[in-house]
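Student: Going down the list, the protein sequences come from chains A and B.
This note's numbering runs 576 ahead of the 1-based position in the first sequence.
This note's numbering runs 148 ahead of the 1-based position in the second sequence.
Keep in mind that a hint or two might mislead.
[What the hints assert, rightly or not] Listed next, the in silico SDA-like pairs over lysine to any residue satisfying Cα-Cα at most 20 Å (straight line):
| hint | chain 1 | residue 1 | chain 2 | residue 2 |
| --- | --- | --- | --- | --- |
| 1 | A | K748 | B | Q171 |
| 2 | A | K732 | B | P162 |
| 3 | B | K298 | B | A270 |
| 4 | A | K631 | A | G613 |
[As the list claims (entries may be wrong)] Residues of chain B placed beyond 12 Å of chain A at every Cβ, according to the derived structure:
| hint | residue |
| --- | --- |
| 5 | D167 |
| 6 | I168 |
| 7 | A172 |
| 8 | I173 |
| 9 | A195 |
| 10 | Q276 |
| 11 | E294 |
| 12 | L297 |
| 13 | D301 |
| 14 | T309 |
| 15 | L311 |
| 16 | Y319 |
| 17 | R329 |
Please keep in mind that the hints were generated in silico from the structure rather than gathered at the bench.
Cβ coordinates follow ideal geometry from the N, Cα and C atoms, glycine included.
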Amino acid sequence: MPVDDVVLATQGDAAAFERVYRAHMQRIFNLARRMAGPDAADELTQDVFVRAWQKLALFRGESSFATWLHRLAVNVIIERFRTLGTARERFLADSEAVLEISPAARTKHLDLSMDLQTAIEQLPHGARTVFVLHDVEGYKHEEIGDILGVSAGTSKSQLHRARQTLRGLLMKERRQTT
Amino acid sequence: MTEQRQFGERDHEPLGGDDILSQAIGQWREETPAADLWPAVAARLEARTARHRRQLSFTLPQLAMAASLLIAVASGLTWLAASQPSVPVNAQPTVVAQSEAAGEVEGGIVNANFADAQFNAAVTDLEQILRDERGRLDPRTVLVIERNLKTIDLAIQEARTALNDDPANAYLNSHLADARRRKLDLLRHATTLASAGGD
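Construct all of the structure, not just a fragment, from the sequences and the given hints.
Tutor: Put into structure tokens, the structure is as follows:
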């Protein structure tokens, strides 16, 4: 995508913004799908680009546009979790909640086709967010702490627990397929 | 061996290549939305743009700027009027009334009518509407409106006081007419905004 499209979009050019959207939509959609699940991905992707249009004037080019947009998308998705009132409590709770597989998962037979997407959906929003941001998107614990308003230590412990849970689910699937 | 012992208590560093999670992430397939999301995004942008257009004449920065301009103009004109000797009425430039309520032009000169019934009635009506509808406006917007109305009222009052000493002063008459027009405009914008459901 030409850099000029971002500049034109910043000036209110909707056609340029559509090109920006088409260039970045795939990555944002998959970020939303991984963090929030497939059911919420469409709407969150729309939310991200509507917010991006509103905030374009704040893009100063200090980082790449892709980096800026990605960070904005993470914030939009986190906001959604907080609106739902599910994320922060999970993050701040000093409990083993993240190790608990959701009731549905406990009672539902994990079929052979279960992949990482299915496994990650068994995690609470907070643990899923830390895992996706750190292990998939490459964020550092300090950055995750800044985004989520928690300490880097909390991010580390949540990642540790999320990984344990996911490994357990994936190994179980592997055992069932062999 | 438990999972925790196998991977260690400090399992928060980057994943090793042979970790089942690392392999799973590598195989995590990208997907595309089932339908093109752009039409929905474009519709939302258009709705926001249309809403913004409706409010364009009444944004907070614009109100603040209008107030600043009014103060500057009021100060400048008042100073100018006060520092200039009065000139005979017949020699003054024509002053065109800028307020719709400022009365008809007679003989090329308009003296602001302080008790203009049409102006007062319009202001009274609009202020009543604003009082009734203010609950639909954002409190910050109400604050800005009230602050600007006070500023304009102050400018009107100062112009009237100055005109008491110099009723034929063209600058002061023009300034007063302009301030009254601004007050009507502000009240109209505010009531329109409130009637539209606020910001």
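Student: Of all the hints given earlier, name the ones this structure violates by number, lowest first.
Tutor: Of the numbered hints given earlier, those the structure breaks are 4, 5, 6, 7, 8 and 9, listed in rising order.
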